[in-house]
Every structure is written in structure tokens, then in C-alpha cells.
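There are 2 protein chains.
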Amino acid sequence: MTTAEAIRTILDGRWAEVRQEVRSTLDPEVFGPPEELLSMEQHRERTLQAVLELTKTDFGRNGFTTEQGGTNEHGAAVTAIEMLGHADLSVFVKAGVQFGLFGGAIANLGTQRHWDAYLPGMLDGTLLGSFAMTETGHGSDVQSLLTTATYLPESDEIEIHTPSIAARKDYIGNAARDASLAAVFAQLVVDGEDHGVHCVLVPIRDESGATMPGVTIGDCGAKMGLRGVDNGRLTFDHVRVPRHNLLNRFGTIDDDGRYHSPIESRGRRFFTMLGTLVRGRITVAGAAGSATRTALTLALTYGQHRRQFEDPEGGEVVILDYLGHQRKLLPRLARSYALMLAQNALVEQMHRIAAGEETSEDAQRELEARAAGLKAIGTEHATSTIQACREACGGAGYLSVNRFADLKADTDVFTTFEGDNTVLLQLVAKGMLTSYSDAFHDMDSRGAFFFGARQVTEAVIERTIGGSLIQRLISGAPGRDGDDALSDRGGQLDLFEDREKHLLETLALRLRRAQDDDADSFAIFNDAQPHLLLTARAHIDRVLLEAFVAAIDEAPEGEARDLLEQVCDLFVLSTIEADRAWFIEHGRLSQSQAKSVVGLVDERCAELRPHVQTLIDAFAIPMAWRETELLEFLGDT
Amino acid sequence: MTTAEAIRTILDGRWAEVRQEVRSTLDPEVFGPPEELLSMEQHRERTLQAVLELTKTDFGRNGFTTEQGGTNEHGAAVTAIEMLGHADLSVFVKAGVQFGLFGGAIANLGTQRHWDAYLPGMLDGTLLGSFAMTETGHGSDVQSLLTTATYLPESDEIEIHTPSIAARKDYIGNAARDASLAAVFAQLVVDGEDHGVHCVLVPIRDESGATMPGVTIGDCGAKMGLRGVDNGRLTFDHVRVPRHNLLNRFGTIDDDGRYHSPIESRGRRFFTMLGTLVRGRITVAGAAGSATRTALTLALTYGQHRRQFEDPEGGEVVILDYLGHQRKLLPRLARSYALMLAQNALVEQMHRIAAGEETSEDAQRELEARAAGLKAIGTEHATSTIQACREACGGAGYLSVNRFADLKADTDVFTTFEGDNTVLLQLVAKGMLTSYSDAFHDMDSRGAFFFGARQVTEAVIERTIGGSLIQRLISGAPGRDGDDALSDRGGQLDLFEDREKHLLETLALRLRRAQDDDADSFAIFNDAQPHLLLTARAHIDRVLLEAFVAAIDEAPEGEARDLLEQVCDLFVLSTIEADRAWFIEHGRLSQSQAKSVVGLVDERCAELRPHVQTLIDAFAIPMAWRETELLEFLGDT
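These protein sequence lines map, in sequence, to chains A and B.
Numbering follows the numbering used here, in which position 611 of the first sequence is assigned residue number 611; successive positions increment by one, without gaps.
Numbering follows the numbering used here, in which position 465 of the second sequence is assigned residue number 1465; successive positions increment by one, without gaps.
One or more hints might be untrue.
Claimed, not checked - Quick partial rundown of chain B residues pointing at chain A, CB under 7 Å, derived from the structure:
no., residue
1, Gly1139
2, Val1142
3, Tyr1171
4, Val1215
5, Thr1216
6, Cys1220
7, Lys1223
8, Gly1275
9, Gln1308
10, Gly1324
11, Gly1394
12, Val1413
13, Gln1529
What the hints assert, rightly or not - Mimicking BS3-like on lysine-lysine, the simulated pairs with C-alpha atoms at most 25 Å apart in a straight line are:
no., chain 1, residue 1, chain 2, residue 2
14, B, Lys1595, A, Lys501
15, B, Lys1328, B, Lys1595
16, A, Lys328, A, Lys430
17, B, Lys1595, A, Lys595
18, B, Lys1430, B, Lys1501
19, B, Lys1430, A, Lys430
20, B, Lys1595, B, Lys1501
21, B, Lys1328, A, Lys328
22, B, Lys1430, A, Lys328
23, A, Lys595, A, Lys328
24, A, Lys595, A, Lys501
25, A, Lys595, B, Lys1056
These are calculated hints, taken from the structure and not from any lab test.
Fair warning: this is a prediction, and the values are worked out from it, not measured in the lab.
Here a beta-carbon is modelled for each residue, glycine too, at the ideal position from N, C-alpha and C.
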């Protein structure tokens, strides 16, 4: 086994076989980026055919329980869709809408009746569906959706209505062209009482493809990317459906027309419903990672061959030998490693919960927070890294044939769909605050002073990956002032944890003030928003590092493991470098230590330079999936 | 006059009339972004027609001297093309190729003979041309081009030849479809001696549009953006043209077949030739600014209307009221102001030189360095700001109808064409080092020690804009440790200058070592590359601030000026914030000062929030140029 193969094994993780199967079986002719620019209609048709092709495999079924007609192989399902991120991303998104969002809504919000009626068609592609949550006026704040679903006792029906343009369902995938059924999120009104957002299945096209009466379907038209996805707009004019079309796992209307729910609080009910749909975020994070690895593979291959400017020794310099070029790409490569390993851990956790191996509410909450965080940080990383890769290939990077155009345009929306990244980071921070206050149940009775006394109120950092290992490393770390503090893994972990704790504790202190009677709570929250976002980022950095450390620990000793240690080092040091002002300002690093970080990043880049080919080979992206003309210029120099 | 109009007057600068004329006359139907997705061929035809439309105006003529058939209104020409940056950017690029690059090569590298023969057709659109410099194998290092131009005394011709794929001319605008003549850059060989890169006019299509014998024209095909520009590839198989097709201002072949040049050094000759073509970079910086201002206008308009999440006081919060949202956009708005004012100063300087009002070599060198720097920083700013603006509009930002798709895709190549930004920043730094060593003529005799003794070898910061004013402000600044040091303009200028000087002096010291006999000069240069890039950035920051300060100083007292002071403050503070690690590490700011900068940026954002509409109104982008559906959701809430 080569070093690259050994690293690939580690990166491939628990569902390595699924990855290998996708690598060897998915036909690039069907699933790859189209070789020539298609019209929007052609691209949509091509994308539909690719999704239908997937229905012939276990691709969709894996994501559902046996009761739902699936195989209960949730981790395999999400791993496969992550691999689709190397393909035409329109296929990833359209498949995600069909199996993940539409199918997922039925599976997670519906009951056996709905599973039996709709999931077989959803899985075999005879029933194409949409997930109609976002409205023109409400994307991030979906609790405030305006569409209404009013129960009509006289006919035992639910009436779906769009009261305004702002209430129009917007950007809905699969809606403009293909879907016949939509899972519509709306405020459920029973007997004059609003029970909050619920999901109702509403037919939008009949078998001939004609739009159903009362439904108006618009087309979002051309988009920046994802040209194969038919995003549309849905407007409902008092459209009636049977009562049983309500997906009623978390809220039902009984035969007597009365509303019941196992969850009393409207807010909690809604967020419980949303929580079951977490998989969408996980797959977006995964596909963003795949697309980023494709871009890095291309740009780093180019960088190892492209030569520019004379070498004083004769010949021309390979551009990846320039420190400036290494610095553009190698810290990003290191972060991509960290993200992939953290994603693997996330998928494992999701699988355990979905397969019923883990059932605690805490585990679910933790999953949601981590999914939100990795989606935000992973998609942000994708956007900026694919951009850096394009620029690293100069004019060649601008030609469509060299892939960056699509990679950039298709992934661009990832930062704002499936939850706007800023909103998601706030969610992460709020989750951290909740855990923090949970750890100190007497928070409310003690008041601000309690928060001020740091020595007794340290935030508890929950280690979700490799807990005892992390503790051991931190305990064994040299003192923070030591010369090697920055290079020691325990010291690095300590630094990450310490930053997170400090940010969290001081954030809690700030936000406490909002509870004062005369406080302008919006102003206090708003002033603290950058602090809140920073806290979430620090948390995710720590999650990434823990996942990296745990993966290295599980790896057999050898060259692969040693190389991963170096990559991890670059990830840590470049992360500290980017935020080193904070570390100095808060007395965590001395001026000279902070300054030395810059040099350490330079050194790690130089050390990894000879191993770049190994590190991208380990991504194991089949050549057929990354054909370009980037190296054409080498033909004849 | 409203405050917005007063600010507009300041931003519009010396060629305000040109801006107003473009605003009122340029037909969006012809020059605006196409309303629907066109095929590549349709888009190319539309773009050509728009360029031909421009030939009916003084648009092109303004950029040439009277001897060249122009009006000598260079500043007006560049200002007009900057305004085209609000239109379909394909038109900007294709017009730039025709008038700026192709026309500019003939004007600046040719002599009266060429002006008479080609410029009238170039100006009236009967002669369409290309600028064939970049090759597949050489983009940044154009001194190493491989195409040859060999003088053949027997026939008094020059033979153009492409010896390899790497030597193929690539990404050449106007070449794939429209140009009949190409200005081809090639190594000129006369009597067996290579005289370095020169430019030769080579017909590539005949009057019928057929490709000339020996010429092969390829099509670069689909690109990320700029779909209306027909980029192509040119290969020459021993193609012969008359000797007089050599543009011979800087190097000529006489009637006896002997080569002559007024500039002895090959390198200096080539860089002198390149220097005359500086206008391309200036216009790219200008158009990048226009596109960025369009994006900011759209995103800030959306941000002022879009509401999301409940306000504790009732209703929903306007998203621009969130500090996090302000922080995404307002520092970028402030930097856009700084860039526009610096661009105006740059264009004025270019005009003075082009119109013969200023003739010193230093002025030309300074112009080239500043153009390189503003192009690099301005296009980098464009790419990241347009991205931020897209994300600030969520899913709506992803729809083509809302403009960001084209703005992003079209400007994306700006960071790497007309000089790769990294290479340009190196050019800036090298220019700084040259000025530095010029200021100390005895550098070589004194050696490294000389550089070590800082008190006598301070780098001289040349103030090119508002010199005495800047000096006065710095002299009047409070001490660096004072509480208000960061808020005082003189203190801010001092901080920017000081950073630049320190970076430059220490850079010089590092690079000195490369002159030692046993030094690995590549390694020394390479290790210093990040330092070098940082030095260039610090320099450009200072140039931006000086331009901002000078423009404020010239503005009449009043609300507009006061508001500009606030914008300038945000520009300075957010710039310091981004690099505050450096300021602490080098003892320029205390930990607490650095920490306070973060809060000061927050404050300035909040202060500017109520003035955002005024600040974008001042850009005065006609409504017809920025029609979108972004505010559609307001129709019916």
C-alpha cells in the first residue's frame, strides 16, 4: 500500500466501500459535468435522467429505515451523496431534494400511512417531489412563514393558501418542471388557533404534468449555477387537500377535528421538526467538501507542473515552489483534511442516531449544532478555496473546460441555502450557551456576579470526539510559555479550548445583561453579534482539531500517519495565525510567540511541498471525474 | 444640492461631465447586461454591435493624441471606460481590447506610419484588432515569450512563428471571431541576434473573414463569464509580413536590415514598452470599481428593506440593522470610497503624462507602480466584495435576474488578467525597493550594516498626493500612546506610514543577503515573498488613505465632507483591524489599543448606518443600469 493509499483509507472512513463503489461505478457520462454548455431545458432533462438513474441503485433506499422501505444504512446514504459532490452538482442538489428533503420530510415528519403511500414512488422515481419551505419573504426565519394551512371541519380538508407575494414559496427545487407533489410548510390553523408551522403534502401537478387547479407555478429562471435544477415558485389559492395529507408525527388532527401534539410548546415543536431534517445540512457540507477537494486537486496538479519566471539555477520555477503560492493553497488543503475527518465523524454520529443506536436528546442536539457549524464553515471554506484555486490557475482557470467555472457557480449558493451561514453560526453559539447554562442550573438565581467570577464558573468544554485522548494530550503539554508550546499537539488543543472557553464565558456575561428589566435586549444582542459569531468559529475550529487528532490516533503508525501529523500541524498553525491578534490581545500568546507563528506556517508549507502529490492522490478522485485541459500546455514545451 | 449630490461631485472628480454624459446617454438596451441568457454566438454579436456603437462617439478618440487622430482627452477616455464597468462587462472588455490594447499598442509602440495606416480604421470600427501577448506557456513572465519574429533580409519581411504549443497565443480577446489584425508580441531576431520582445502587426483574417494562410485560429470556448468576448488562440506557421509591420518606436530595423534601439538594455527596453501600456491596468481597476459599486448599491438597498426575525419591539428587523450585516458590507463600502478616490488621482496623473503635461521618468515609474497596486488591490476587493454582496442577498442573490451572477463571473478574471495580482504586488514592492536604494546611493558600498542602522537609514516615504497637507496632519497628531491616537487623522496617517517604512526597511535588509557571494538567492527571495507582498499592501493602503485625505481636504465644508470623514475613519479602522496582529507584534499598538480597534469599527458601522442610502446614492448609478427583482418581495407583505 502506498502512502497515498494508506491516507485514503483513513480519509475514506467507515463507509470506505461506498466511496470505492461510487468511484468505480458512477458513469461520468451521466453524472459528470456536461461536456458542452447545454440549454437550461437540456440541462434540466439531463439532471432528471441522472436522478432517475440513481433510483435503480440503493442510493436513495439506504437513507431510510426498514419500516420506511429502506435499508437503514444512513451513513452509507450520506457518504454516497457526498461523493456525488464530485459530479455535476446539479445532480447532487436535485437528488438531495428528491431523496433527502422531500423523502426526508415524509419519513421524518410523517407516519406509517405516509410512508406506505408515498415512499415507494419517491424511491423508484415515479413520484417526484418538492420541499416547499422557503418563502419569498422568509428564508432564515422559517418560523414566521406566512402560508396558511387551515383545517376545514365541514369537509375534513386542509386548505393551503398564499396570502401575499411574501408568502409565495420560492427557490423550490424540482418545482419549476418536474415535481407532482410538494411538502408544503405552513402555519396550521385548527378551529381558529394557530399551532405553528407544519408540513402538508399538496399535489401541484396531475399525471399529465398539468398544474393543479388553484396552484400557480413560476420558474426562478436562470441562476448563477446549478442550471440543471428547476427551481420554482409556488402560489396556492385556497387549495384543498384531505386532512390525512398533514404529516402528523409531531402534530395531528384527530377524527373529531381536534389538534394534538406530543410537544406542547409551539417553538419547541417546530425546532424538533426542523431537527429531524438535519441531514440536508450534513449532505451540503459533504458535497462542499468534495467539490473543494476537486478544485484543490486540479490547482495543486497545475501548480506542480506550471513553470513561470527564471530559476537562477537555470530553467523556470515550478510555481508551487514559490512560498506565496504554497501559502495560497496548502493551508487550505490542510483545512480540507480537517473538515473531511470532522465530516466523517459527523456522519457516523448521524448514522448512530438514525439507526437507533443512540437515542439521547443531548446527542440529537449536539448533532444539530455540529451539522450547522460544519455546514457553515465547510461551505465558506469551499467558496473561498475554489476561488483561490481558480486564481492559482490564472487564465486557464477561467475557461469552462477547466471546471472551476462550474465548481464556483454551483457551490456558491451553499453558503446561504440549507441555512444561511451567519444564522447557522448563531445557532451553534446559542447551543453552546444553552449547554453552558445547563451546566450551571442556578444561573438565573446567581446573576451577573456569578458569571464574573471566572475561577468557579469555567465553561465546560464537551469533547465529543476522542475525549480521553484529548485530555491525555493536554495534560502532557509543556507550559504555555515554552518554546515548543505551539508545536505540541496538547498545547495546540489547549490553546483552542482556552480560546473557546474564554469567548463563551465572556459572551454569556455580556448577554446576561439583556435579562435586566430596563435593558435594551436587541441592542445588547446586536452589539454582541460579532462576539457570538467568533465563539461559534472557535468552537468549530476545536471540533475540527479533535476530529483530526482522533483520526490520527486511530491510524496505524507509519509514513501516512506522520504525514497527517504534519498536515494537522499546518491546519492548527494557520488557524492560529489567522486569529493571532486575538491570542495576543487576550494574553494567550506573547508578541514574539505570535510573530513566530507566521514563520512556523512558512516552514510547514515548505515541509509539505514534496508531499503534495501524495496528499491529493489520497483524495482518490477518479481521473474521469476531473478531466481538464489544464496541463495541455505541457505537451510541447 | 443634497448631501448625496455633494458627495457625488467629489467622487465624480475631474471628469464629472463625462460620467454624467455616460449616465444619461448610454443605452442600457445596447450596453446593459442582456435581459435573457443569450447563446455565446448571440452574446458575441451583441457585444460587437455595442463596441461598434461606441465608435460613433468620442469614446475611443479621446484616448489618443491629436497626431494619432485623437482629441488628447486621455482622462476623459479612461473615465468613460470606467463607467462602462456598470454595463455588460463583455462590452467593457471588448472595447478595452479594441481601443485600449490593440489601439494602444499601435499608438504607443508604433510610429506615425502606423498611426496613419491603422488608427482611423481602429477608431471607426472598420479595422478590428487583437492584442496577442499572452501565450499558453507564458502569462506573467511575458519577457520569456516563445513566439519568434525573425527578420528575413532577402525579402525584407518578418516571419512570425509559433515553435510549440506553449508558444501559442492564448486567451486573446477579439481573436476567435472578429479581429482581422493582431498586434503580436514575439522575440525579434535580426541577423541571428535576439533583441527581445517586440510587437508586430500580423493580419489574421482577410476581408471576407477567412483565416489568413499560415495562421490557425482556435476558440477558447465557454468561459466562467465575459461570454460576449471572443477569446481565441493564435498559432503562426512561418507567417511573413512586411518589415514595416514592426511597431518600431522602441526598436527598429533600418533599410539596411540592421536593428537599432534608443534603449540599449533588452530588459529595460521591454519594460519601457510595457510601461506605455499601463492604461489597460488602470481601466481594469476602474471597471472593477464600477462593478463593485453596482453590487454594493444592490446589496445595501436590499439590506435596508429586507426584514428577518422578530424585533423585540414588534415587527421584524431590517437586516442592515444587524451589526453582523453592517460589518459584512460597510467596511467594504468605505474601502470602495477610498479606491474610487485613489483611482481618480491615478487617472489624473495618467492624463498629465499622456497629455505631455508631465514628462519625468520618475512620474512614469510612479504611475506604473501605482497602477499595478491599485489594479491588484481593487480587483481583489471587487471579487471578495461582490461575493459578500451576493451572500448578503441570500437566495435572491443567486438568481441571474438580480445581477450578481454576471457581476461575479465577469469580474472574476480581473484578478489574474492584465497582470496576475500577486505578480503586480511584487512589482509594486520592487518599485519601492528601487526608490529606497535610489535614495541612498551608497547602498552597495555600505553593505548590510548600513541597513541595520535604522536611525540613519529610514526609508523615505514619497507622498504623491497632498504632500504638505499630510505632513501637517502628521505633525499635529497626538502622541501614539494617547487615547485618541487611533481616531486622529494624523495619527492614522502616521501609523500607515510607519508600517510601510518598517516593512520596507526590514525587507531591504533581508534581500541584501541575496547579494552575498555564497547566498542561495532564490531561497532568500522566496522566504521573503510574503513579507514583500505585505509591504506592497501596506504601501497601497497608504496611497488610498492619502487620496482619501486629499479629496476630503478639497471638499467644501458641510455635511458631505463630514460624512466623508466618517467613511474615511471606517476605512482606516477596518484596515488596521484586519492587520492588527502586525501592529501589536511590532510594538505599534498596545494590546489594549488593538483590542479597542474592534469596538471602534463597530461604532463607526453604527454611525454610518443611517447614512447608507446617501452613500450609495452618491454613486449615482442610473436605475436603468441596476434593475433587478430584489425588492419584489416588498410588493405585498
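Cross-check of the supplied hints:
1. Gly1139: 5 Å, holds
2. Val1142: Not OK, violated: Val1142/B not within 7 Å of chain A, min 10 Å.
3. Tyr1171: At about 5 Å, which falls below the 7 Å cut-off, the nearest Cβ of chain A leaves the hint on Tyr1171/B intact, so it holds.
4. Val1215: Not OK, violated: Val1215/B not within 7 Å of chain A, min 18 Å.
5. Thr1216: 14 Å, violated
6. Cys1220: 6 Å, holds
7. Lys1223: Interface hint status for Lys1223/B: holds (5 Å vs cutoff 7 Å).
8. Gly1275: 19 Å, violated
9. Gln1308: 5 Å, holds
10. Gly1324: At 4 Å from the nearest chain A Cβ, Gly1324/B passes the 7 Å test, so the hint holds.
11. Gly1394: 5 Å, holds
12. Val1413: 5 Å, holds
13. Gln1529: OK, holds: Gln1529/B within 7 Å of chain A, min 4 Å.
14. Lys1595/B with Lys501/A: Holds, at roughly 18 Å.
15. Lys1328/B with Lys1595/B: 19 Å, holds
16. Lys328/A with Lys430/A: 33 Å, violated
17. Lys1595/B with Lys595/A: It holds: about 17 Å lies between the C-alpha atoms, which stays within 25 Å.
18. Lys1430/B with Lys1501/B: Satisfied, since the Cα-Cα distance of roughly 14 Å is no more than 25 Å.
19. Lys1430/B with Lys430/A: 49 Å, violated
20. Lys1595/B with Lys1501/B: 24 Å, holds
21. Lys1328/B with Lys328/A: Cα-Cα ~23 Å, so holds.
22. Lys1430/B with Lys328/A: 21 Å, holds
23. Lys595/A with Lys328/A: Holds. Lys595/A to Lys328/A sits at ~19 Å (cutoff 25 Å).
24. Lys595/A with Lys501/A: With Cα atoms ~24 Å apart, Lys595/A and Lys501/A stay inside 25 Å; holds.
25. Lys595/A with Lys1056/B: Outside the cut-off at roughly 58 Å; violated.
Of the hints listed earlier, those the structure fails to meet are numbers 2, 4, 5, 8, 16, 19 and 25, in rising order.
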